[in-house]
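Colleague: Take a look at the letters that make up each chain.
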Amino acid sequence: MEKKLYTLIVHSENIAGILNQVTTIFTRRQLNIESLNVSASSIKGIHKYTITTCTDEETIIKVTKQIEKRIDVVKANYFTDEQIIFREIALYKIPTAELLASNRIESIISQHNARILEVNETYTVLQKSGTSEETAALYYDLAEIKISQFVRSGRVAITKSHSEKLS
Amino acid sequence: MKQLIKGSEALIRSLIHEGVRTVFGYPGGAIMPVYDSLYDYRDQLQHVLVRHEQGATHAAQGYARASGKTGVCIVTSGPGATNALTGIGDAMLDSTPLVVITGQVGTSLLGSDAFQEIDLVSITQPITKWSYQIRRGEDIPWAVARAFYIARNGRPGPVVLDFAKNAQLDKIDYAPYTLSYIRSYQPVPDTDNSAIEQAATLINAAKRPFALVGQGVELGNAHTELRAFLEKAQIPAGCTLLGLSALPCGHPLKKGMLGMHGNLAPNMKTNECDVLIAIGMRFDDRVTGDLNTYARQAKVIHFDIDPSEIDKNVKTTVAVLGDCKETLPRVTEKLTEIRDCRAEWIHSFDELNQTEYERVIKPELHPDKESAALTMGEVVKAVSDATNGEAILVTDVGQNQMMAARYFDFHNARSIVTSGGLGTMGFGLPAAIGASFGAPDRTVCLFCGDGGFQMTMQELGTIMETGCVVKIILLNNKFLGMVRQWQEMFFHERYSFTPMVNPDFIRIGAAYNIPSKKIRQRTELPEAVSEMLHTAGSYLLVVDVVEKGMVYPMTPAGETVTNVLLGY
Ligand SMILES: Cc1ncc(C[n+]2csc(CCOP(=O)(O)OP(=O)(O)O)c2C)c(N)n1
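Protein sequences appear in the order of chains A and B.
Going by the working numbering, the first sequence opens with residue 1, and the numbers climb by one from there.
Going by the working numbering, the second sequence opens with residue 1001, and the numbers climb by one from there.
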């Protein structure tokens, strides 16, 4: 079966140890979690996990059901990229001296729609939010200058179809 | 004025409020306040002191399986809790309702590697339905109510309550708590009307329908509903190991046991039927063999209460979600009543079973040579006949288990207690003890091997102390028989560490004041069985059986379900 990236959105009660319960289900099925984000949801007392993983549809269906089976999980659903609006955020740290020496930096920043978070004598921090392809594209451009630190968040996603209701 | 009580007492009162009358346990430091409170409630809550915490969990399982109630155990933190893990895992795989209360160090010590601290919630999460740490006294009534609600509703399973010592000592204003709803958990999924409709249509159009009956029927108390369903449409059925007593032996539509050591006909017919109807069973690999060749010709209808079982192993055509006690009658209502036109199909099972009788059953039950050693099958049959199929069968794991399952008769519901999913050696003796408390009016017969018996035989002490009644039949082949069988078949008869040097079991029985007898002759068997059953109290009957006996039929692991070996 064809593998692709799925986004799993899990709503759960705010009880300790849920993350563990969710991740062991991936481990048992030998699935890697590509990214993971935990946050509040729009419903009071309900937490929201956004998990991406690369697998086939049959497996994601089974994993989704096994996660939903956990008592404190309220709802688990899986989505393909077409069904959601999603973002990641990436931070890039560049030595200021190298940055100033480059003549491309201004065009890179405007071309990628990046933001400058902080500039001082030693370093500059840029921020970019977007899809992983977009944050990666900026990475490759900046790497030609020099990147001294890089970090990217897990995916956060909002579904196109569902309102955040739980049954 | 408010009457404050200690958390430990609140736990006991919460248990009584949940209807608990018997608990199995073993004390220790981190659970001592609970044991202290228990002392005041001895008249309302019977505590059975086991000899090892694994025994407490299996006893609670046996109790639950025999009675239909939730089994409860109480153990201490650290080693007490880790000793309980095997039973918890067993209950998870076999859907047994269990509440396990473990002591835990005080919350101020959590995470510090304190004496007998173990992160039990993390360890047990993957092998429980729910695992929760009670950190404050005021949470006790809520947590206990939730634990029982989860353990017994929907697909049952084990729940752990990890009870911090400070919470046991907290003073709380106790009020009984009852829970009938959990926001994040729907125990019984909604049934789709169209699924009922489609299932009935498929069955009505079927020429060769075949039903697979699992423990879900027992758990759902749907015995009558099952019979009505099968009888109306004349559907032959095979039972899983755990579903054996869901349909009484001798019922004309019961065609035997499914799986690796099941009967020939139900396994062969799985790949001949046109509609396969699974009821409260989960297509375990010990039932299906190779999934790639399993029932590929059939349309599959799956009745289950657990949505995650649907399409897990076998792709279904129609999934009937819900409690089979509700869903079966709804489908039955829409079935066309069948009289004779299915006779040929039904009869075709009996032809195969006749072959099995000639090739396997007859030699097992009536060996040619009078002088040959007793077989396991003969012993099982003798006990089954002497109890008229009325007893509760408890087994350990191995050849003894398969032989007992094959040759014991069941006329009543909830008559088989065995470790199916986890296949836990040592399960038998403590589970039988638990079953005797769960169904005190019924005869409990335990079959075990010399290996498995020695894994938990310290529980003879529990029998001695409580006077509970278990008829123990130890089938001694001086080998780890089932492993030896595999070595004979698949490892060139290299008997690597399967012969066993055994103690004098009779003296062990005697040490625990349990009447014990050893036999090895065929002629001794009827009288020995009769003496065992007529002796008041527990009894240990050690039978020296053929040392290199084989369990047949056998479908080797991972092979096609129809690839059934009938013997040499
Ligand atoms: C706790 C545990 N350890 C190991 C096994 C593997 N095992 C399965 S059957 C068996 C042999 C059982 O021997 P015995 O109890 O003498 O029974 P028999 O098969 O001879 O009836 C073994 C070792 C197991 N199922 N459970």
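Source of the hints: derived by calculation from the structure; they are not laboratory data.
Just so you know, not all the hints are guaranteed correct.
Calculated cross-link-like contacts (lysine-lysine; reagent style DSS-like; alpha-carbon spacing at most 25 angstroms) [to be verified]: (1) B:Lys-1299 to A:Lys-62; (2) A:Lys-4 to B:Lys-1315; (3) B:Lys-1312 to A:Lys-4; (4) A:Lys-69 to B:Lys-1518; (5) B:Lys-1312 to A:Lys-69; (6) B:Lys-1312 to A:Lys-3; (7) A:Lys-75 to A:Lys-62; (8) B:Lys-1315 to A:Lys-69; (9) A:Lys-75 to B:Lys-1069; (10) B:Lys-1548 to A:Lys-65; (11) A:Lys-4 to A:Lys-48; (12) A:Lys-75 to B:Lys-1299; (13) A:Lys-44 to A:Lys-69.
Residues from chain A that face chain B, not an exhaustive set, calculated with beta carbons under 10 angstroms [claimed, not checked]: (14) Ser-12; (15) Leu-36; (16) Glu-68; (17) Arg-115.
Just so it is clear, CB atoms sit at the ideal spot from N, CA and C, and this is done for glycine as well.
Colleague: All hints, please: hold or fail.
Modeller: To see whether the hints hold, each was checked on the structure:
With a C-alpha separation of about 21 angstroms, the suggested pair Lys-1299 (chain B) and Lys-62 (chain A) falls inside the 25 angstroms cut-off, and the hint holds. Between Lys-4 (chain A) and Lys-1315 (chain B), the direct Cα distance comes to roughly 22 angstroms. Compliance with the 25 angstroms bound is thereby established for this hinted pair. Taken as a hint, the Lys-1312 (chain B) and Lys-4 (chain A) pair is honoured in the structure, with Cα atoms around 20 angstroms apart against an allowance of 25 angstroms. A hinted pair counts as satisfied when its Cα atoms are at most 25 angstroms apart, and Lys-69 (chain A) with Lys-1518 (chain B) does not qualify at roughly 49 angstroms.
Proposed proximity of Lys-1312 (chain B) and Lys-69 (chain A) is supported: the alpha carbons are some 13 angstroms apart, at most 25 angstroms. Using a Cα cut-off of 25 angstroms, the hinted pair Lys-1312 (chain B) and Lys-3 (chain A) holds, with the two alpha carbons roughly 18 angstroms apart. For the proposed pair Lys-75 (chain A) and Lys-62 (chain A), the alpha carbon gap of about 14 angstroms is at most 25 angstroms, so the pair holds. The straight-line distance between the Cα atoms of Lys-1315 (chain B) and Lys-69 (chain A) is roughly 19 angstroms, inside the 25 angstroms bound, and the hint therefore holds.
Between Lys-75 (chain A) and Lys-1069 (chain B), the direct Cα distance comes to roughly 29 angstroms. Violation of the 25 angstroms bound is thereby established for this hinted pair. The hinted pair formed by Lys-1548 (chain B) and Lys-65 (chain A) fails the criterion: a straight-line CA distance of about 45 angstroms is larger than 25 angstroms. This hinted pair checks out: Lys-4 (chain A) and Lys-48 (chain A) have alpha carbons roughly 22 angstroms apart, not beyond 25 angstroms. Between Lys-75 (chain A) and Lys-1299 (chain B), the direct Cα distance comes to roughly 30 angstroms. Violation of the 25 angstroms bound is thereby established for this hinted pair.
A hinted pair counts as satisfied when its Cα atoms are at most 25 angstroms apart, and Lys-44 (chain A) with Lys-69 (chain A) qualifies at roughly 21 angstroms. The interface hint given for Ser-12 (chain A) is met, as the beta carbon of that residue sits about 7 angstroms from the closest beta carbon of chain B, less than 10 angstroms. The closest approach between the C-beta of Leu-36 (chain A) and any C-beta of chain B is roughly 17 angstroms, which is over the 10 angstroms cut-off, so the hint fails. Contact between Glu-68 (chain A) and chain B, as hinted, is supported at the beta carbon level, the nearest pair being about 7 angstroms apart and thus within 10 angstroms.
At a threshold of 10 angstroms, the smallest CB-CB gap from Arg-115 (chain A) to chain B is about 39 angstroms, leaving the interface hint violated.
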